[in-house]
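Chemist: Here is what each chain is made of, one letter per residue.
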Amino acid sequence: MSNTVIGSSITIEGEITSDEAIVVQGSVKGKLSSQQAVFVENSAAVEADVDAEAVEISGVMTGNIDAKSRVELKAEGKMIGDVKSPRILIADGALFKGSIDMDVER
Amino acid sequence: MIGPGTRIRGTVTGDEDLVVEGGVEGAIRLSKDLSVGKSATLEASVDAQNVHVDGHIQGDVNAHQSLNVSKGATLIGNVTTPRVRLADGAHFQGHIHMEFDVPAID
Amino acid sequence: MAKAPTVVTASTVIRGRVSGDEDLDVLGRIHGSIELKGSITLDAAARIDGDVTADHFAIHGIFVGDAQITDTIHLSAASRVIGDLRAPRIIIEEGAQIRGRVDMGDAPAESISTRSPKTAAPRRAPAPAVTNDAPDEDGEPELPAAASAKNVSVKKRS
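Chains as they are written, first to last, in my numbering: chain A, 1 to 106; chain B, 1 to 106; chain C, 1 to 158.
Hints are computed from structural coordinates only; laboratory data are not their basis. Careful, some of the hints might be misleading.
Said to hold, decoys possible - Okay, derived cross-link-like pairs now, DSSO-like style, lysine-lysine, Cα gap no bigger than 30 Å in a straight line: (1) A/Lys31 - C/Lys37; (2) A/Lys78 - A/Lys97; (3) A/Lys74 - A/Lys84; (4) A/Lys31 - A/Lys68; (5) B/Lys32 - B/Lys71; (6) C/Lys37 - A/Lys29; (7) A/Lys74 - A/Lys97; (8) A/Lys78 - A/Lys68; (9) B/Lys71 - C/Lys37.
On a predicted model such as this, the values are computed, not experimentally measured, just so you know.
Working from the sequences, and respecting the hints, build out all of it.
Modeler: Right, here's the structure in full:
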């Protein structure tokens with residue numbers, strides 16, 4: 001399985017859509033859509049709405065998430081925005097500000 | 001063939017392959033191929049089938065079949081051709097026109 | 001060890017501006033400008049629509065836009081390019097399709113200016129006899145007596 005990897009020194013202003021997972025190590029401002037998972041890694045700064053199967057955040061994210069299966073905010077992660085997902089895991093140490101909607105009728 | 005010690009000012013036309021190793025100022029029109037040797041200097045427009053350049057051309061080139069510019073050669077001018085090759089070390093400055101289409105984007 | 005490049009996979013579409021300091025492998029589609037300090041590789045099945053600034057640009061797919069590259073632009077046999085290409089070194093393989101300006105800058109010093117077909121002044125010391133020998137080292141052969149003709153016709157000898 002190949003992933004789209006946005007390297008740490010890369011900045012993208014705009015929309016990214018993919019059938020495969022997207023790994024963000026750099027900066028994305030705009031919109032992220034994937035049929036699979038979106039990973040916002042430690043070095044990443046995402047200012048975007050994210051629409052994916054699952055989202056995992058270890059970096060900084062500002063924006064709303066709409067996930068089909070789950071969202072995981074790791075200990076190093078920081079997020080500001082609203083989350084819509086049937087499952088969410090916020091690790092001890094993570095920072096979160098926003099609303100969570102787990103009542104997903106799909 | 002136009003030897004290295006020869007200079008022509010005017011129009012060269014012909015129905016056979018031509019090898020130019022000297023200088024031509026004006027125009028070359030052939031129904032066959034043109035070979036511009038290493039020592040050749042053309043300040044001329046060229047119209048031929050296959051054009052092979054090892055020397056120097058300043059002028060527009062219409063190569064009805066192909067254009068090949070070798071390492072160390074120089075072509076300054078506009079080119080119309082269905083097939084082109086620019087070797088590593090060739091020098092080119094001008095417009096290249098080839099007929100083809102790319103699909104429209106959504 | 002070189003860092004793994006940023007990869008835009010085949011099913012990925014990016015609409016917007018991309019900038020960065022690392023190499024970029026495009027297997028999908030980018031619709032927007034790219035400003036990179038590094039090498040861009042555009043896969044045969046991939047496409048970029050937008051202007052590109054980078055150090056290296058290897059084009060195997062479709063590129064529509066202008067490219068300003070500090071080192072080399074390489075068009076492989078499968079490439080299709082519509083737009084202007086500017087770089088000190090440009091390689092175009094046979095089979096590539098291009099429609100646009102290809103600009104490698106001004107010709108290198110020892111070229112057109114010192115080799116005008118109009119000049120006939122020899123630069124060697126006075127010689128005992130003028131013969132139509134092989135050109136001397138600086139590439140300025142002597143002009144033989146009657147070489148200028150209004151119209152020269154090259155016909156088949158039958």
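Chemist: Which numbered conditions among the earlier hints are violated in the structure presented, ordered from lowest to highest?
Modeler: Nothing - there is no hint that the structure violates, so all of them hold.
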